[in-house]
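Novice: Make the full structure from the sequences, and use the hints.
Residue numbers (this note's numbering), protein chains in the order written: chain A, 1 to 416; chain S, 417 to 715; chain X, 716 to 998.
Rather than coming from a laboratory, the hints here were simulated on the basis of the structure. Accuracy of the hints is not assured; some may be wrong.
Said to hold, decoys possible - Label pairs and their computed distance ranges (CB to CB): (1) Phe457(S) to Leu772(X): 48 to 56 angstroms; (2) Tyr567(S) to Glu64(A): 46 to 54 angstroms; (3) Pro428(S) to Glu887(X): 25 to 33 angstroms; (4) Lys882(X) to Glu402(A): 52 to 60 angstroms; (5) Ile526(S) to Thr788(X): 33 to 41 angstroms; (6) Pro377(A) to Arg853(X): 30 to 38 angstroms; (7) Tyr431(S) to Pro885(X): 22 to 30 angstroms; (8) Lys429(S) to Phe786(X): 48 to 56 angstroms; (9) Trp121(A) to Tyr567(S): 57 to 65 angstroms; (10) Arg853(X) to Ser490(S): 37 to 45 angstroms; (11) Thr788(X) to Asp117(A): 38 to 46 angstroms; (12) Ala825(X) to Ile707(S): 19 to 27 angstroms.
Given the structure is predicted, the values throughout are model-derived calculations rather than measurements. Glycine residues also receive a C-beta, built at the ideal position from the N, C-alpha and C atoms.
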Amino acid sequence: MNMLRKGILLLCILLLAAGTVMAQGAREPEREKIVVGVGGWAVEPTQRAIEELGFTEETGIEVEVVTRPGAPPEFISQMTSAILGGTSPYDVIDMEDDVAVGFSRSGWLVDLDPLFDDEFWSDWPEAMIEMTDTWSRHQGELFRIPHNYEAQYFWYRKDILDQHGLQPPKTWDEMVEVAKAVTSGNRYGVSDGLGQGAYLGVYMTYLTQQAGGNVYDMGPEFEVALQFLYDMIHKHKVFPISALDKDYDQVNNDYMQDRVVMMRQWPFFYGVARSDESWFEEDKAAVALPPAGPAGPIAYAASWGWSIPKTAGNVDAAKTFVEFMSRTEHQGYLAQLDTWFLSARKSCLEAMDGAGMAKYLQMYSDAQAIGTRPFHPAGQEAHTVVEETSAAFLTNQLSLEEAVRRGRERMAGLGR
Amino acid sequence: MVLFGSGKHGLPKRYLLFALFVGPALIVRIATSIYPVIHTFKLSLMRYNLMQQVRDFVGFGNFISIMQDPTFRSIIGFTLVFVASSTLFQLIFGMGVANLLNAKFVGRRIVRTINLIPWVIPMIVSAYAFRWLLTGDYGLISDWIVRITGYRPQLLLNATSARISLIVVNIWRNMPFMGLVILAGLQSIPEELYESAKMDGASWFRRFLHITMPASASTVVTLGLFNIIWQMSDIDLVLGVTQGGPGSATTVLAFRIYQHGMLWFDWGLASALSVMLVLLVTIVSLIGLSIFKKYQFTL
Amino acid sequence: MELPVWLKRKHSLQILLYAGLLIFVFVALLPFYWLFLASLTPQHQLFSIPPNYFPDLTLANFAALTQQIPFSTYLMNSLLFSGGSVLLSVILSFLAAYGFARINVPGSNALMLILVLSMALPPIVTVVPLFEVLRSLRMIDSLTGLTLVMGSVLIPFSVWVLVSFVKRVPVEMEEAAFMDGARLYQVLWYVVVPAMVPALVTIIIINFINAWNNLLFPLVFSHSVSSKTLTVSITEVFQARTPFGRPWGIISALGVTMVMPMIVLVLTAQKWIVSGLTRGSIK
Chain A
1 MNMLRKGILL LCILLLAAGT VMAQGAREPE REKIVVGVGG WAVEPTQRAI
51 EELGFTEETG IEVEVVTRPG APPEFISQMT SAILGGTSPY DVIDMEDDVA
101 VGFSRSGWLV DLDPLFDDEF WSDWPEAMIE MTDTWSRHQG ELFRIPHNYE
151 AQYFWYRKDI LDQHGLQPPK TWDEMVEVAK AVTSGNRYGV SDGLGQGAYL
201 GVYMTYLTQQ AGGNVYDMGP EFEVALQFLY DMIHKHKVFP ISALDKDYDQ
251 VNNDYMQDRV VMMRQWPFFY GVARSDESWF EEDKAAVALP PAGPAGPIAY
301 AASWGWSIPK TAGNVDAAKT FVEFMSRTEH QGYLAQLDTW FLSARKSCLE
351 AMDGAGMAKY LQMYSDAQAI GTRPFHPAGQ EAHTVVEETS AAFLTNQLSL
401 EEAVRRGRER MAGLGR
Chain S
417 MVLFGSGKHG LPKRYLLFAL FVGPALIVRI ATSIYPVIHT FKLSLMRYNL
467 MQQVRDFVGF GNFISIMQDP TFRSIIGFTL VFVASSTLFQ LIFGMGVANL
517 LNAKFVGRRI VRTINLIPWV IPMIVSAYAF RWLLTGDYGL ISDWIVRITG
567 YRPQLLLNAT SARISLIVVN IWRNMPFMGL VILAGLQSIP EELYESAKMD
617 GASWFRRFLH ITMPASASTV VTLGLFNIIW QMSDIDLVLG VTQGGPGSAT
667 TVLAFRIYQH GMLWFDWGLA SALSVMLVLL VTIVSLIGLS IFKKYQFTL
Chain X
716 MELPVWLKRK HSLQILLYAG LLIFVFVALL PFYWLFLASL TPQHQLFSIP
766 PNYFPDLTLA NFAALTQQIP FSTYLMNSLL FSGGSVLLSV ILSFLAAYGF
816 ARINVPGSNA LMLILVLSMA LPPIVTVVPL FEVLRSLRMI DSLTGLTLVM
866 GSVLIPFSVW VLVSFVKRVP VEMEEAAFMD GARLYQVLWY VVVPAMVPAL
916 VTIIIINFIN AWNNLLFPLV FSHSVSSKTL TVSITEVFQA RTPFGRPWGI
966 ISALGVTMVM PMIVLVLTAQ KWIVSGLTRG SIK
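Specialist: If you want it as structure tokens, here you go:
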């Protein structure tokens, strides 16, 4: 009994002590230092870039690169809490399209326009400027400056297609035919990572665009796209239903364990495929133009870019960092360092000279196969409506008409 | 049992003492729970969306939007089914577990410890573990079903089986706690009572009905009720196992609140849904209390 | 004539009992076993069809874990957060329970009903307004704020259990102590607390487990390394360049490290938890 009382006392003392120590720690003098939050996969390349480009020597600003939560839900929760609390855990954040749009509509991000002049923008191709206007500007202000430009690529197993004497498909119909020829046992012709709360919405956006429509309109093109995916899964059985439960890591793994012959994937797969040396051969991860839907071969591009929250501790130093990383003279080096920094900026493509993913970016660009990502002001919520609508039909809960009818109703309600 | 009764101490002095003892806990509760809920009621009448940067009074506008949402009815429906079936089976299995743990056997201590494990694993961790067990291609459970039937199930990709899976995981998680509470009831019964009932020739079932049940009922009802309420407001499970899918088949009300409030910045709507959750909790509590009136609610 | 039948019946009951036990243990431990196995499986073997029952064992997932997140800081935060919440809730609840049980004032029962029923208010409902409360206290992203909120959530249940315990401490002991001239705080510390050790230990353990496992509050109210806990770190681990990837191997490693302390706790304190709940909830 005495032990318990002593224990409680001891615990009190320990907690007080710990609290004091932590309070002391917080009172350390401020140095010129910024915290840059990037997805876990980008920590290492970002650190290297800062080191090798000599950022700290040039500016005297120290940079700490930290991991931000990878998935939007958790990331949004934490940033909301921070910004409402008047602080921010990061001075600079690497952000994806939809999340950045959400924050910009809340008026939480610093205007970056003053950092860049006309000469800077002359390095940017038309398509990237157009995308930046849609996805990184709000009420004329530039709230994010993209550091990459990622199209969705059509990856396929050239080795397997060769065995069957087949060419990569040029249209949706051809894709189904090719897929039928190569599907057997555990191996599927086409697959994707379509887990809910993730990328089913992305894939539907992609297919709807190929059908000639905007996914958020939920028009006839959306129905065509949804029916096409449904048929691949349930009628032709060339697309595994389990894809609806998978993330990109898993579908990549399936591809690399020879269970998938063709898939849509972002450029990061270039590095993933090459990381397994015992498996990789050039023919195992070839890239073709996307199979054309009714509206032609098209794949929209997305981007990640730097943003500065207004509540950041050191906005000026953060601006210096963003300007430094976006400088035209650095783009070539950055793209060579990691695909994460590959964009279609002129300086970038020139320096890459067709190496690595730049070859495919050029190929897509030349074929005018890169589309603009459809936009909806209610971002994440609209995306969820698309996913819930599509999944309800794909898992046979509702008929196409009923699912789409409800989807439209919900979309209409978003403008409240 | 009262130490500071009406005799020695005057009422004012007793109130002062009472305030000293109870005040701190009450203040903390009011500040962090009761006030926020009242505030939520106020927010539910406002259009308050961080993304559109609006904050104005709309009366019942949010509630009208909710009623117009075609998924709302099924969300409420599943929430109720989820809670009702979870509770029912937790009670049934909880009784089984309690009787099992009350029996005499070698290694009882270890089994009682194992019983606690589902309850002490962080919900989000066990939710991920179950997702991993149930997933169609890589899951252990799917593999067993394939081996037995030759057919590969996609348990999480069919509305019905996904719902059942979620309920089963919930039962798995909360059964130990129920079992423990019922066990507590069993152990509080004097051995002699059983013996004499046995002598009188009462069957196992009759003994259970007339001795065990009444002894443990009030605790079971009280804890069971709170358990139901906690399950209604829990989001970890849905977040980890199904993300509300396929479609919105396994979306429960609390998870929708999380989506509206924490992901889509629509705090007005989230608050209106919260009000509905509070109402639902109240209704369920009242029903629970009236059904089990005769076993009395223990405070 | 009677004996063999009786024997038979006893045997079949025994068999039934052990069969039930076997099933029960299997079901209770299955997810944990799978978690444990996944944490030791190399990444590329995790996604095999059919699943790999005997993978090559590796500690790579644990290594990745410590590389990806500041593990020791999060561990410390989790301990401080849980310990602080326990301390706050147990002290306040003990005082409140004593007040409810021993002081007779009109309205006491109603107040207790309100306090206990406030347990029913769903935490998710309070999150939005709590932003404002915590902001005005400058306690967003601080362990103090988290502890306050979590401690508060734990109070109603603790009061509910402790009241019944206080009521069963013979009031004569306290009266005698007062007769001998003891002050109120002395009576509490030297008479009531020792008599309630089992109840306090139970509540401490149960509250600790609840706080340790809490995801919601740290998820919404912390955003820097200084206040994030282990539960939140699940959202930060990653595998490849895919924000939505759920790296099972690393999550499992994290899960195992989070579960281990709980299992040790249950192993050592199983008696307290069971006996505490047994006596605490039955009058």
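Novice: Of all the hints given earlier, name the ones this structure violates by number, lowest first.
Specialist: none
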